[in-house]
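Please build the complex by placing chain A on the supplied structure of chain H, with the hints as guidance.
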Amino acid sequence: MEIIPLGDSALLIRVIENFDDAPGRALNRVLATKHALEAAEIPGVVEIAPAYATVAVFYDPPRAIDAGAPSENVVGWFERRVHDALSNEKSSLGERIEKPPVEIPVCYETEFGFDLEEVARRVGLDQKEVVDLHTGAEYRVHCVGFTGGFPFLGGLRSELATPRRDVPRKEIPAGSVAIGGKQTGIYPIKSPGGWNVIGRTPLKLFDPRKNPPVLLRAGDRVRFRSIARDEFERSTS
Amino acid sequence: MNLTAIRAGFLTSVQDLGRPGFREYGVSLGGALDRHALRVANLLVGNDESAAGLEITLGGLRLRFGDDRIVGWCGGEFKVRIGTASVDAGHPALVRAGEEFSIESSSLGCRAWLAISGGVDVPLVLGSCGADLRAGFGGFNGRPLRDGEEVRLGDNPTRAKVLIDNLRVERIGRWKPPHDWSNPARRVPTLRHIRGSDSDRFAETAHQLFSGESFSVSADSDRMGIRLGGPMLERKEDADLLSEAVAPGTVQVPPNGKPILLLNDCQTIGGYPKIAHVITVDLPVATQLCPGDRVRFFEISIGEAHALLLERERNLEQFRRGLELHFK
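If you're matching them up, the sequences are chains H and A in order.
In terms of this note's numbering, the first sequence is residues 1 to 237.
In terms of this note's numbering, the second sequence is residues 238 to 565.
Just so you know, these hints were derived from the structure itself, not from any lab.
Heads up, a few of these hints could be off.
Stated by the list, open to error - In silico EDC-like links for lysine to aspartate or glutamate, alpha-carbon gap of 20 Å or less:
1. A/K316 <-> A/D417
2. A/K473 <-> H/E17
3. H/K170 <-> A/D459
4. A/K398 <-> A/D285
Stated by the list, open to error - Now the in silico label distances, taken between C-beta atoms and shown as ranges:
5. A/E554 <-> H/E231: 56 to 64 Å
6. A/E536 <-> H/E111: 51 to 59 Å
7. H/E231 <-> A/S455: 40 to 48 Å
As the list claims (entries may be wrong) - Here are some chain A residues the structure puts well away from chain H; computed CB gaps all over 12 Å:
8. N239
9. L295
10. D305
11. E314
12. A322
13. R383
14. E407
15. T442
16. L446
17. S451
18. R464
19. V522
20. L560
For every residue, glycine included, the Cβ atom is placed at its ideal position computed from N, Cα and C.
Chain H with its partners taken away, still in its complex shape:
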């Protein structure tokens, strides 16, 4: 584990060195680290945000100094507290409750999945096989970012890996389900994007009027279910 300043008001904790060897284990380590840091309630910490193999700790330096951090070594003071918090990490690992996977209904018709044909051609399958493989797997949310509520999902079948488009689209509709490299994800709001869109869900992935504002959070398990156009329309109306 390595702790590096991310500017003068945040620390980046690199939890895992070899993410690709075991992405699932990396995710568990990251989440356990996040929970242990939250439980430690270190003074001056503003927020804690996980990513693939790192956890970022944002802090307010004057508040940390008021709480006893020496002004000439705020980082060292935090490092010690982070290490203390993580020495108890193992106890919190086993306590996580396994939630059932969240089911995401997706209409894979060409009108919504405007890159499905292209993806099928590139991976050498027909469109139905692509949909079957996409709905047949279970995924986990590795992190949320890009735009509010965008889940980066690991667990895509390797047969479906498709590079991002050379030129990103200026506008991808909200709810678009897409493949980018070895990952799949869902665009929560209308935004530009470079992933290959294969379908659309009627579910709302981001709603700022709710707290938390997202449908999916890091660690959640996800499955896709293929729906027909009329079910899509019933769900959105």
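Same frame as chain H, but now just chain A:
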């Protein structure tokens, strides 16, 4: 009572100190790009320092208030008037009901923050009144103000009422904060930074160029980040990293070698290596950079960065105490 935007200007949005606490859901910090400027402006008018105000980009704003208000602003070298009288940055001023208040063009810098006594009254969304313009929520209907629109203001707090009374003749208070708080734009801007969290991913020449050369601000800069042109900063490898947190002040370098200085509306995570992080107390200078401006970078230690930030906080506390005199 309301304010009316007779002219909304190029890009005017409601902003406060942003919405920390939602990064894990991919929600940007947002808020005033120069948080310190908004805090100072709010204190000047008798508001809580976190009250919502207006962020004005490139000016062109003309306002009218439904009742008497104290206003205060900090930012670039803008021409600001009440009727025909000029109001300098950092001075609280009384605007009578129906008078026109305008933030015109700027001769240096591109943004200003305006505090109005009572604050702008828009709904709190995810803990902030600030507009997230990229995602389209918060602030005033999730978007910039438009010509002719009316926006609600909070009631004048008692302190502002005292100031309205005290300034009824003079109109403009003579007191002001330190010059670099009210007028952060610089003719020859140098941004101090600490070592980047991925500095070992850059060739030695990249570090030499970054600290030795000047960079030009590109026209496609916005609230997400300032894109810089100049010498190409060579990375040791082409591949990007596994996405990890970035923050306002982070200087990241995409494969084309042209650095991007991230600001408050940046994404919460990114995969480009980070060559530097501009220190918090220099972000006000950064947010005034206009397309075509040149900027240099200078490395300091994180201990120095913290000392500077602590000193500014202590000075702000002193300034806050000094202001009490005028609210009596």
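Pairwise hint evaluation, A/D285 against A/K398, where the allowed Cα distance is 20 Å at most: holds, 14 Å
Against chain H, does A/N239 keep a CB gap of more than 12 Å to every residue? holds, 24 Å
Does A/L295 clear chain H by more than 12 Å, comparing its Cβ with all Cβ atoms of that chain? holds, 24 Å
So is A/E314 really clear of chain H, every C-beta pair being over 12 Å apart? holds, 27 Å
Distance rule for A/R464, whose beta carbon must clear each one in chain H by more than 12 Å: holds, 16 Å
Non-interface claim for A/S451 versus chain H (Cβ beyond 12 Å): holds, 22 Å
Check the following: the C-beta atoms of H/E231 and A/S455 are separated by a distance inside 40 to 48 Å. holds, 46 Å
A/V522 non-interfacial with respect to chain H [C-beta, more than 12 Å]: With a cut-off of 12 Å, A/V522 remains clear of chain H, as the shortest Cβ separation is near 15 Å.
Assess, step by step, whether the Cα of A/K473 is no farther than 20 Å from the Cα of H/E17, and give holds or violated. holds, 19 Å
Verify that the Cβ of A/D305 lies farther than 12 Å from every Cβ atom of chain H, and report whether the claim holds or is violated. holds, 34 Å
Using Cβ atoms and 12 Å as the threshold, tell me whether A/L560 really stays out of contact range of chain H. holds, 19 Å
Would you check whether the claim that A/T442 is not at the interface survives, using Cβ distances to chain H and the 12 Å cut-off? A/T442 is indeed farther than 12 Å from all Cβ atoms of chain H, at 23 Å.
The earlier numbered hints are all upheld by this structure, with none contradicted.
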